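Take these sequences, add in the hints, and give me the full structure.
Residue numbers (this note's numbering), protein chains in the order written: chain A, 1 to 72; chain B, 73 to 442.
No wet-lab data here; the hints were simulated from the structure. Here the structure is a predicted model, which means the values were calculated and not measured. We put the CB at the ideal spot given by N, CA and C, even for glycine. A hint or two may mislead.
Stated by the list, open to error - Derived, one-sided and incomplete: chain B residues facing chain A with beta-carbon distance under 8 Å: (1) Y75; (2) E78; (3) G85; (4) E91; (5) P191; (6) T215; (7) L219; (8) V323; (9) N329.
To be verified - Residues of chain B clear of chain A, computed beta-carbon distances all greater than 12 Å: (10) T183; (11) T233; (12) S254; (13) A281; (14) I309; (15) K310; (16) F373.
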Amino acid sequence: MCLGVPGKILEISGDMATVELGKATVQVSMQLLDGGTVGEYVIVHAGFAIERLDIDAARKTLEAMDAFGELS
Amino acid sequence: MKYIDEFKDLVRGSGILKEIVRLATFKVSFMEICGSHTHVICKSGLRALLPDNINLISGPGCPVCVTSQPEIDAIIDFADSNKDVIITTFGDMLRVPGSSSTLEQVRARATDVRVIYSPLGALSIARQSPQKEVVLLSVGFETTAPLIASVLQTAQAEGITNLTVYPLHKLTPPAMAVLLDSKDMRIDGFICPGHVTAIIGADAYGFIAKDYKRPCVVTGFEPLDALFAIYMLLLQIKEGRADIENEYKRVVSGTGNARARAIMDHVFEPSDALWRGLGSIPMSGLSLRDDYMGFSAAKRFGIDITKYTDSSKGTLDCRCADVLRGVINPAQCPLFATACTPTAPQGPCMVSDEGACAAWYTYERTAVAL
Ligand code: SF4
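Structure, rendered in structure tokens:
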């Protein structure tokens with residue numbers, strides 16, 4: 001139910017955005033976000049963008065995970 | 073898929089796993105609140121990789137599962153006796169056993185029950201069939217409630233009058249407090265639900281660290297996220313800390329999505345709610361505010377929940393209530409994988425993908441047999 005999938009905004013028109021989710025393209029309501037930009041990643045839950053995905057933060061988390069590999 | 077696949081690769085986590093093994097010199101129990109976390113933990117086989125000292129308990133994080141039996145019975149009866157309305161709901165609701173029927177069986181008896189993937193679906197059906205009453209049976213936590221609120225705001229603005237909602241929403245932090253107060257078991261730390269927290273913000277768990285001195289880690293939904301969260305919780309305990317930490321910074325902030333919360337607060341107000349397994353919890357549900365009472369299905373159709381009692385249990389021996397509190401794991405239910413399977417579910421925990429029993433049935437049965 002709380003499933004949320006990251007997707008890339010391809011186009012915005014009014015309150016709706018076209019979002020690339022894997023191989024699919026879906027229409028998503030942007031009403032729960034303060035604006036949005038084409039190219040940005042958002043988390044899609046049941047037809048709505050519920051939050052942005054911060055690419056720098058994703059990279060930092062992966063780096064933190066990879067740092068363990070180097071320890072061992 | 074981008075920003076998913078990178079977090080799936082457990083080989084990448086072998087260093088983290090080694091650290092976990094090194095740190096796990098004492099017995100701990102961590103609870104994952106969210107049903108999606110239960111699903112990913114089972115599916116990835118993480119439990120088998122972890123040292124025996126680490127016990128992962130599933131919590132009350134499957135919205136369909138925590139819906140109380142009286143409410144399930146009330147909506148099934150309503151659907152059965154109103155053949156002229158269109159009922160819309162999320163797929164998991166259809167097969168949840170009521171005391172004498174399911175929504176799926178009611179649909180076979182000619183009530184128009186439709187599965188929607190988004191609450192926007194209910195709105196478009198209402199627009200397309202203005203002569204029909206459309207009822208949205210909505211379940212879900214803080215992740216989903218703002219979506220329903222947004223749909224009702226739109227319906228209000230468009231003057232749509234044939235859409236009503238039966239809200240069964242639940243709020244997460246009050247349930248966590250009840251679990252912490254319970255004497256049934258000890259929870260040493262929480263794996264906090266990533267998408268609920270995207271809305272409410274990580275700061276919402278402050279009381280757990282401060283008043284209960286238990287660590288919390290908000291995490292994402294891929295195997296590496298879950299693994300990293302377990303490491304972070306262990307490290308906190310080892311260092312004698314109880315902090316709110318955030319592994320899912322790519323999506324979650326300390327304060328959450330203020331806009332989504334404002335929309336939710338505009339339409340709903342907190343109210344007491346009845347949870348399967350946890351009983352009535354003050355201010356743990358959502359009711360429509362006066363301005364939105366026109367959208368209340370209970371009011372329009374006179375659905376009276378007080379007619380249904382909790383003694384009208386679906387199946388007598390279903391232990392969902394104990395599974396949801398983390399008191400037993402699914403395999404400890406006598407009906408698990410015998411009388412109760414995903415094709416013949418005896419309780420909601422076996423119906424939903426996010427239900428602990430369904431996840432254990434699909435992914436952990438071999439482990440159980442061993
Ligand atoms: S295995 Fe089936 S009967 Fe047992 S608790 Fe789970 S859903 Fe209920």
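Violations among the numbered hints, reported as their numbers in ascending order
No hint contradicted; all consistent.
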